[in-house]
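Engineer: Each chain is listed here by its residues.
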Amino acid sequence: MSPKAVWILAEQREGKVADVSYELITRGRELADQRGTELCAVILGDNLSDAELQTLIDRGCDRVLHASAPELRHFLPEPYDKCLQALIVKEQPEILIAAATSTGRTVMPCVAGPLRAGLTADCTGLQIEADTGNLLQTRPAAGGNIMATIKTPERRPQMATVRPHSTRPAPSISGRTGRIDRWQPPADLLKSRVRRVDYTPAVETQAIQDADVVVAVGRGFKKGDNVELARKLANVLDGAVGASREAVDRGWLPYPAQVGLSGKTVSPKLYIAVGVSGTVQHLAGMQTSETIIAINSDSEAPIFNYAEIGLCGDLFTLLPMLTAKIAAAKQS
Amino acid sequence: MNSATHSYQPISTNVVKELSDLLGASNIIFNDPERLEPFSRDEAADCETRNPELVARPGNAEELAQLVRVANRERIPVTARGAGSGLSGGAVPLFGGIVLDFGRMNRILEIDRANLTITVEPGVITSEINEALRPYGLFYAGYPMSLETCTIGGNVAENAGGGKAVKYGVTGRYVLGIDMVSPTGELVSLGGKLVKDVSGLNLLQLMVGSEGILGVFTKIILKLLPLPKASVDMLCLFKTIDEAVAAVPKIMTEGGIIPTAVEFMDRLSFATSCEYLNESLPCADAGAMLLITVDGADEKQVEHDYDVIGEQCLAAGATNVYVADTHVNSERIWRIRRAVAEAFKVFSPHQSLEDIVVPIAAIPAASAAVNEISAKYGVKIPCYGHAGDGNLHATPVMPPEWTFEHWHGVLPEILMDMYKAIAKIGGHISGEHGIGHKRKKYLAAVADPGFMLMMRNIKTALDPNGIMNPGKIFD
Amino acid sequence: MKIIVLIKQVPESQATRMDETTGTLIREAASSVINPLDLHAIECALLIKEAAKEKCEIVCLSMGPPAATKVLREAMALGVDHGVLLSDRAFAGSDTWCTAFTLAAAVRKLGLPDLILCGERATDGETGQTGPAMGAFLDLPVISFVSHIEQIAGGWRARRMLEDGYETVEIDGPALACVLKEAAVPRLPTLQGKRLSRAKDIDIMSAQDLGVSQDDTGLKASPTRVVKIFRPSHLKKCEKLPAMDPAQAEKAVDRVVCLLKEKGLI
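Residue numbers (the numbering used here), protein chains in the order written: chain A, 69 to 400; chain B, 1125 to 1599; chain C, 148 to 413.
Next comes chain A alone, as it looks inside the complex (with noise of 0.2 Å):
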């Protein structure tokens, strides 16, 4: 007999299915196919169409499973707690992974709770133990100077959040089919004792999690005015603007921008880390990213030590110039 299947939890947002739900397909996939079995998408929300169901498909799943009532089609803490708890019961999956999310972070730990499985956060690395079977799961931890890798040896389903772009989304594959299952959750399940009542897009254009690039601000850029600066770069290069917590501290840049330790962590291709010294706290939340550039007039500053190319000398001539010189370019 098979094992029984690898779950991804997938997201939605107005209908349509994240992003990060592919990256997802991307590591799911891998420990299906080294399990021989097979690889499943649960997926909460609202009478989602076939179409964006079969998305998860083409990527990659065999099987969509797709929870759907009006109660699910924001992220609402117990309906979803409940909803994927009572797929679990159902159906025992062996695997059962999701983003490392705000939705992803929060209904885990309540579903694993009562369930008695064993939950690792947050992981970079994901594989199977040759041997046993069991789920190896590789994690960041002490700011990302120390990797643990964990298993849950006897409890299931073995249970994982994973980091946002820590590794590529799957891609489309024509042809491929596979099932899609509704299920319509009884009434009990739905219940909320939290009511939605108002939502407020983010300030800046981009979020910095979903970026490819990032252009961060630290304390070099004196004060709040000249983040404009930085602003500049990342319109030119389709990024998004983060910041050190120096930066959001002086209220130069809003919390959700704040990269390190007690904000972020990111890992986009292009990291342009300027008037940035480096704390450690800092480092924490960016040196995974694939490419990473410093500006910074301090020669000594550690954040040097992390950067492909640095430049030392002074943001207020070197970023306009930056500017003006990737925007040229991209014209040629």
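Just so you know, these hints were derived from the structure itself, not from any lab. Think of the CB as a built atom: it goes at the ideal place given N, C-alpha and C, for glycine as much as any other residue. Each hint should be verified, as a subset may be incorrect.
Claimed, not checked - In the DSS-like style, the derived pairs of lysine-lysine whose C-alpha atoms are separated by at most 30 Å in a straight line are:
1. C/K398 <-> C/K217
2. C/K408 <-> A/K398
3. B/K1363 <-> B/K1291
4. A/K291 <-> C/K387
To be verified - Just the calculated beta-carbon pair ranges, DEER-fashion:
5. C/K398 <-> B/K1424: 52 to 62 Å
6. C/S353 <-> B/T1377: 48 to 58 Å
7. B/R1258 <-> C/K398: 40 to 50 Å
Stated by the list, open to error - From the derived model, a few chain B residues whose C-beta atoms are all more than 10 Å from chain A:
8. S1131
9. Y1132
10. N1184
11. A1185
12. G1380
13. A1408
14. Q1425
15. N1444
16. W1526
17. H1530
18. K1544
19. A1568
20. A1569
21. P1573
22. M1578
Let chain A serve as the given structure and place chains B and C on it in line with the hints.
Structural biologist: Chains B and C in isolation, oriented as in the chain A frame:
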């Protein structure tokens, strides 16, 4: 005799060759304006700058002595430079010539636990000394606030002070021995690992704070203390400057405890700094703050000490006393103090960081005098600094709407007014930054003429050709 | 009204330095402090108490070795009314599941409060799982990534940060909220607070006091096992370019543009 009367020779190609043979070509910078430029200034704002003709990086005392002999023979000025973090223009080669870079003489030579001393070369970064000592449970207490950048050679030459001087005193208190090269190129050894020593004139302490005009150091022996194991900072809010300042002598004398640091900030200083840092500490009603540190051998002791001092502050009218006994909280209150200068730079890039020192009891009078001058010229002059030492960084800040030329016309008048007012109440020009060339005309205007004469005579006796750091302290 | 704030003692991260050659943290006999993010939770509790019309009691609950009483005293110096420490060898090695289970048992003993607050995550383990899991054990609605919370009639109004914006929710009855650092700026302890906190008692509870069996707490009961720990190196050989004067700056910027082209980033 003064430096203006000496004539100096430009460095000839023969001399360059001689120095290059002596030190190795890679330890000479010559004829390269781009690489010489960083040696043209220190951290004193808007001061005169000039490139040296040559930068030399000696590797040991013998090389240095030979270099000085050449310079003395050829009448070439020699200016020693540590990290260039000075605030008086002391390391600026006003007459060109040679600037000495101590980057190669940066070794810790010995930690002597039996005698509680450390022996270092002058190019050692000051913070490295305490890092090296930490495993031994010892520390060097004379360090200034800029310890992460400055070098020990510069600290000794300027007799640097800092945040902890209230309890531990300034650099000179810890200097037990100096090996140096005299202006005529002799190797001289002063002092040693001795706690007391009256064998002849105290030339050792003459060299401390001599701003490089009497010779250059090659080796320094420092006294060490046991490292305090616990430390707590307090931020005390007062309604008025007078109340805050009046509390200081009480703290120093009536509680039987000597705090490690007593820092003062007037409203203008802390309000600007807090705004810059976006610090939301409730201090709208405060007119002045004291930042007090106590340290000691264990937590219980320190707890007792801060209780006593905190109570004294409350009794003296403090409206609130915050206690920071974690690194995060200590950092949070110290950064208010440390960011004052930076915050004003954002307000206006031109400011003149002054360093007046008055008897502790005269701080209110000093503050009043500074306010009067501030009103007279329409220039903000925040006052902050080391209240426990009577040492205040009164810092005239250029109004952003002024032109730089106008500022440069008015600033000398402001400073002259300020120094005269400070001298009147028994104070002096500089507590810890030194005279350099930035403040020499003010020193000449307010100092005792007999003192000026004695200094000149000493200089002439030791440096007949006037080659050592000419143009500093006096003309 | 009663509020329980969960706090954890963590090594003081500011006391750590990076070893430049190995890229690892050097912890220099780091003293323990309240997890920095928990301070924001404490501040939220204090603000709620100050705004409340009714009497409000704030209890800080922590699990750890006996030395963790220090962080509870720190909390009480800020204005927290009581401190409770769960301390027992039996708890040692608990993973997030066991920790949440044990804390939930303690909350049941102490009586279910109107609100449980915790920091978004601890700066050492960085899982952020204990709070939500505990909410599930206690059947409380869990509001995570909270940037603001206030009391309303019959419950709470909270704003939470999602990936693309902020959502305001209202909760009927008791809740558990995990707060972000932007929820409130922690106050500093005062001299008076420090002195009051020294005189207060801290309740210490064991596994037996809680009625938690060894099958449910500690290393052996933990579903997860750490298999190995290793140190990654993110250090790079940096191509450092001087860019102090305009000519250098231009050259350096050209080099960056060139690299971005090579990597297909523009």
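Engineer: All hints are to be evaluated individually against the structure, with a verdict given for each.
Structural biologist: Results of checking the hints against the structure:
no.	hint	verdict
1	C/K398 <-> C/K217	55 Å, violated
2	C/K408 <-> A/K398	9 Å, holds
3	B/K1363 <-> B/K1291	26 Å, holds
4	A/K291 <-> C/K387	26 Å, holds
5	C/K398 <-> B/K1424: 52 to 62 Å	60 Å, holds
6	C/S353 <-> B/T1377: 48 to 58 Å	51 Å, holds
7	B/R1258 <-> C/K398: 40 to 50 Å	42 Å, holds
8	S1131	39 Å, holds
9	Y1132	33 Å, holds
10	N1184	26 Å, holds
11	A1185	28 Å, holds
12	G1380	39 Å, holds
13	A1408	17 Å, holds
14	Q1425	31 Å, holds
15	N1444	22 Å, holds
16	W1526	20 Å, holds
17	H1530	24 Å, holds
18	K1544	35 Å, holds
19	A1568	36 Å, holds
20	A1569	36 Å, holds
21	P1573	45 Å, holds
22	M1578	42 Å, holds
In the structure shown, a violation is registered for the earlier hint numbered 1 alone.
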